[in-house]
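Engineer: Sequence:
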Amino acid sequence: MNLLLLGGNSLRNQAWIHQVSDSLAGDFATRTVIDYRHWQTGEPNLDFAHELSQIATAATTLGEYAVFAKSAGSILALEAIQQGILRPNRAVFTGLALPMVGEHPAALEALRTATIPITILQNDSDPVASYAEVAAALRDNNITSVELVSLPGDSHDYDDLGVIRSALI
Numbered sequence: 250m251n252l253l254l255l256g257g258n259s260l261r262n263q264a265w266i267h268q269v270s271d272s273l274a275g276d277f278a279t280r281t282v283i284d285y286r287h288w289q290t291g292e293p294n295l296d297f298a299h300e301l302s303q304i305a306t307a308a309t310t311l312g313e314y315a316v317f318a319k320s321a322g323s324i325l326a327l328e329a330i331q332q333g334i335l336r337p338n339r340a341v342f343t344g345l346a347l348p349m350v351g352e353h354p355a356a357l358e359a360l361r362t363a364t365i366p367i368t369i370l371q372n373d374s375d376p377v378a379s380y381a382e383v384a385a386a387l388r389d390n391n392i393t394s395v396e397l398v399s400l401p402g403d404s405h406d407y408d409d410l411g412v413i414r415s416a417l418i
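If you're matching positions, the sequence shown starts at 250 in the working numbering and goes up one per residue.
Worth double-checking, as some hints may not be accurate.
Here are the in silico distance ranges between beta carbons for each label pair [stated by the list, open to error]:
no.	residue 1	residue 2	range
1	GLU313	PRO376	16 to 22 Å
2	THR306	ASN338	16 to 22 Å
3	SER404	GLY333	33 to 39 Å
4	ALA381	GLN303	29 to 35 Å
5	PRO354	PRO376	34 to 40 Å
6	ARG261	THR362	16 to 22 Å
7	LEU400	PRO348	16 to 22 Å
8	PRO366	GLY411	31 to 37 Å
9	ASP406	ALA381	17 to 23 Å
Rather than coming from a laboratory, the hints here were simulated on the basis of the structure.
The beta carbon of each residue, even a glycine, is placed where N, CA and C say it ideally should be.
Please build the complete structure, drawing on both the sequences and the hints.
Structural biologist: This is the structure in structure tokens:
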């Protein structure tokens with residue numbers, strides 16, 4: 250099994266997503282990290298159209314794979330799944346960027362129609378979207394097939410690599 254990894258929007262996520270990838274070296278045959286173009290150009294936000302193209306290219310070489318993503322990367326992954334660009338065996342998301350879902354309705358539809366196991370790891374008091382807010386959004390949209398896991402924390406950081414590893418393998 251292979252793994253595709255997508256970080257969050259901010260530049261500090263670049264080092265973090267590579268750290269996550271390195272920590273999973275013995276668990277997956279290959280690990281592919283998408284380094285967003287805006288991390289190199291200095292633009293403030295990822296370009297969904299460009300990154301979806303990058304993901305489509307990467308996905309052609311993955312074979313059987315899982316997806317791990319954080320925050321905005323989760324929204325990007327869900328949009329790619331909904332568009333048929335990604336066809337993973339499973340997906341694990343941390344820090345779901347719930348406010349972005351309104352801007353990317355395909356992400357919500359992907360959660361609604363998921364045919365693969367999806368796990369969301371969400372800090373109880375994540376300032377982007379708390380566990381309770383994500384739980385309410387799933388409930389309000391009648392999304393019952395997604396596993397939502399509460400983690401202790403009051404930040405948008407997801408540094409417990411053991412928890413991430415356990416959710417993926």
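Engineer: Do ASP406 and ALA381 keep their Cβ atoms within the hinted range of 17 to 23 Å?
Structural biologist: The hinted range 17 to 23 Å holds for ASP406 and ALA381, with Cβ atoms some 19 Å apart.
Engineer: Does the beta carbon distance between ALA381 and GLN303 stay inside 29 to 35 Å, or does it fall outside?
Structural biologist: Taking Cβ atoms as reference, ALA381 and GLN303 lie about 34 Å apart, which means the hint holds.
Engineer: Is the gap between the beta carbons of ARG261 and THR362 within 16 to 22 Å?
Structural biologist: violated, 33 Å
Engineer: Within 16 to 22 Å or not, the Cβ separation of GLU313 and PRO376?
Structural biologist: 36 Å Cβ-Cβ, so the 16 to 22 Å window is violated.
Engineer: Lying within 34 to 40 Å: is that true of the beta-carbon distance PRO354 to PRO376?
Structural biologist: For PRO354 and PRO376 the Cβ distance comes to about 23 Å; the hint is violated.
Engineer: Has the hinted range 33 to 39 Å been met by the Cβ atoms of SER404 and GLY333?
Structural biologist: Holds, since SER404 and GLY333 (Cβ atoms, about 34 Å apart) stay within the stated range.
Engineer: Against the range 16 to 22 Å, how does the distance between the Cβ atoms of THR306 and ASN338 compare: consistent or not?
Structural biologist: The hint (16 to 22 Å, Cβ to Cβ) holds, given that THR306 and ASN338 are roughly 20 Å apart.
Engineer: PRO366 and GLY411, beta-carbon distance inside 31 to 37 Å?
Structural biologist: Between PRO366 and GLY411, where Cβ atoms are some 20 Å apart, the hint is violated.
Engineer: Is it true that the C-beta distance of LEU400 to PRO348 lies inside 16 to 22 Å, as the hint says?
Structural biologist: holds, 19 Å
Hint violations for this structure: numbers 1, 5, 6 and 8, all remaining hints satisfied.
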